[in-house]
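Asker: Chain residues, written in single-letter form:
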Amino acid sequence: MKMMYGMLMALTPAALYAIYAYRLQALFLILTGVISAVAAEAIFQKLTGKKITVKDGSAAITGLLLSLAVSVSTPLYALGISAVFGIIAGKQLLGGLGKNLFNPAMFGRLFYLFVFPDSILPWRQPVDLTTAATPLEILRETGSTAGVSILDQFLGFIPGTIGEISSLMLLIGFAYLVYRRFVRWRIPASAFATVLVLAIIAGQNPLFHFFAGSLMLGACFMATDPMTSPRFEKGQIIFGIGIGLIIMSMRWWGWQTPGEYVFTEGTTFAVLTMNLFVPYLNKKFKPSRS
Amino acid sequence: MALNSVLRLISVLMVMLVVGLIGFRISSSRLKKKGIEPEKAVPQAKLQAKKYSLIAAFLYMVAMVSVAGLFM
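The listed protein sequences correspond, in order, to chains G and B.
So the first sequence is numbered by this note's numbering: it starts at 2 and just counts up by one.
So the second sequence is numbered by this note's numbering: it starts at 2 and just counts up by one.
Simulated from the structure, these hints should not be mistaken for laboratory data.
Check before you lean on any hint, since a few could be wrong.
To be clear about the criterion: a stretch of chain G counts as covered by chain B if any three or more of its residues have a C-beta under 8 Å from a C-beta of chain B, and this derived list gives those stretches [unchecked claim]:
#1 100 to 110
#2 116 to 127
#3 167 to 174
Even glycine gets a Cβ: it sits at the ideal position worked out from N, Cα and C.
Modelling step: build the complete structure from the supplied sequences, incorporating the hints.
Answerer: Encoded structure:
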């Protein structure tokens, strides 16, 4: 429970910055995500006769992470329904915390991308809320990372989902998690190392890739979920490398949806795909007793 | 809520339901063959079926998002 509340603390800087950047709409999104997730868990557990465990904070984290991973244009009902799906299908269906196969926030986000793709656009610039393209969309259109200010990306003056825009705020939160030893740091470290190597091979600025899209939010806060990530060191490194590989391939080639949204970011798909390999990685890299 | 979204929502729930039901039948017959008592086999088969239905939902959503032109 300590760890769960530590995670909430760590996400607070990013959440506060989201409220600063996107005003009341961000606050409403965060409240909707958290309340929907917590209510869904409590109601599901009540209906199935299980002990209500919302006080452990895990449902609140799922709701907060999901709300930070949507665009400011998202209608509240779309986020609410996605949070309910993430909690019930992604977590409670297999028996609750510790038994889930997928990260519930990411599962909810995939559902959101699938069911409500129209609600993602338009992306909005923080603070002044004008419509603008994300750095990854600029990369896709121009084939270059040159037109984007790395400092703006780092500080949070670029469009994106409400929680991913400021890498600085996410890094402050992540540093707190590392300091408190609440996080499996090898996962984000190997994901970032993979992104670094691939970006250099492609002749692109690695810092652009570090601060663009939801890599920071996904690798530092979602991929490190102790319930859906490998337990052992080697497994964690392979898990992180897999995430980095999938994210970079999505950024380069992506998925073109005719007439609709173009998926230039693959953190959701990367983390969920690698979640499927966790039982195998745990089995394969279990240290032998000697 | 747009009709498209309602259809997508229903489709993913249907995929989960159908795969879950098929998965339950397959799992329970496998466990029967192994000689596990029905009292123990049913909860195990249910858990397996839920896993299959979640994986199917994941694959379905990813496939539909990636080849969205077919559906959206």
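Asker: Confirm or reject each hint.
Answerer: Right, here's what the structure says about each hint:
1. 100 to 110: holds (count 3)
2. 116 to 127: As far as the stretch 116 to 127 of chain G goes, the hint holds, because 4 residues have Cβ atoms under 8 Å from chain B.
3. 167 to 174: Since 0 is below three, the answer is violated.
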